[in-house]
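Colleague: Given the structure of chain A, go ahead and fit chain B onto it with the hints provided.
Chains A and B, in that order, are what the protein sequence lines are. Note that the first sequence covers residues 1 to 106 in this note's numbering. Note that the second sequence covers residues 1 to 106 in this note's numbering.
It cannot be assumed that every hint is accurate.
Treat identical chains as interchangeable: a pair holds within one or across any two.
To be verified - When the alpha-carbon atoms are kept at most 27 Å apart in a straight line, the in silico BS3-like pairs for lysine-lysine are as follows: (1) Lys72 to Lys3; (2) Lys70 to Lys25; (3) Lys23 to Lys70; (4) Lys86 to Lys3; (5) Lys70 to Lys3; (6) Lys86 to Lys34; (7) Lys72 to Lys25; (8) Lys3 to Lys33; (9) Lys86 to Lys25.
It is worth saying that the hints were derived from the structure and are not from the lab.
Protein chains: 2
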Amino acid sequence: MAKQLNYFVHHVFFWFNKPVSKKDKERFEAALKKLVTIETIVEMHLGVPATTRREVVDRSYTYSLLTTFKNKEDQDIYQNHPIHLKFIDECSDLWENVVVYDSVTI
Amino acid sequence: MAKQLNYFVHHVFFWFNKPVSKKDKERFEAALKKLVTIETIVEMHLGVPATTRREVVDRSYTYSLLTTFKNKEDQDIYQNHPIHLKFIDECSDLWENVVVYDSVTI
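Looking at chain A on its own, in the form it has when it is part of the complex:
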């Protein structure tokens, strides 16, 4: 039986300004790796689009960041954490669009 992930799932998709350089990617990936050190994150995944291609699959984004939290309060701590604010400050020039899906367990 699959393992149930934590209650609060926060999934962020980033669409970068084009063209995307190798330097941009290196800067962003280094920043992501710092970001996920925030202590209230329980589980995490730093991703890029898979090779799956079906009509329903959106693979237009550049990066995805999935984090889970025990509860909404822990996610709020993450949102306001200095490391998170620094991440936004240092990297927001890279993206043209961000979409967030926050989900809680049914």
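Modeller: This is chain B only, laid out in the frame that chain A set:
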């Protein structure tokens, strides 16, 4: 330090036909719970929108289904599994739109 999730993340968002009845929800939630018994799923989360409200947060969907797999091949087994095909057959009348984001670890 947060736990790294498995390599292949498959996140599906369902937008239901309106109005959504209690009966529709019960039918869908029961079907989701059967769906996640497919043995190649490692981690999973069945969700509804959280209460977070910011400009970047999309909370227009009805349900989310997050599953992780060891690799793409295990996700392909899931896609073609009789339980998955039965889920689509029995529930696709409920939704007007589905968006899938498949991500692999950077």
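Colleague: Does each hint fit the structure? Answer for all of them.
Modeller: Taking the hints in turn, this is what the structure says about them:
Taking CA atoms no more than 27 Å apart as the test, Lys72 paired with Lys3 passes in both settings, with 20 Å inside one copy and 18 Å between copies. When the C-alpha separation of Lys70 and Lys25 is checked against a cutoff of 27 Å, the pair qualifies only between copies, where the shortest distance is 25 Å, while the shortest distance within a copy is 30 Å. Taking CA atoms no more than 27 Å apart as the test, Lys23 paired with Lys70 passes in neither setting, with 35 Å inside one copy and 29 Å between copies. Taking the closest pair of Cα atoms, Lys86 and Lys3 come within 27 Å of each other only across two copies (22 Å); inside a single copy the shortest separation is 33 Å, beyond that limit.
In this homomeric assembly, Lys70 and Lys3 come within 27 Å of each other (Cα to Cα) both inside a single copy, at 15 Å, and across copies, at 13 Å. Proximity of Lys86 to Lys34 under the C-alpha cut-off of 27 Å is restricted to the intra-copy arrangement: shortest distance 10 Å within a copy versus 42 Å between copies. Proximity of Lys72 to Lys25 under the C-alpha cut-off of 27 Å is restricted to the inter-copy arrangement: shortest distance 23 Å between copies versus 30 Å within a copy. For the homomeric pair Lys3 and Lys33, the shortest alpha-carbon distances inside one copy (24 Å) and between copies (13 Å) are both at most 27 Å.
Taking identical chains as interchangeable, the C-alpha atoms of Lys86 and Lys25 lie at most 27 Å apart only when both belong to the same chain, with a minimum of 17 Å there against 40 Å between chains.
Taken one by one, the earlier hints fail for this structure only at number 3.
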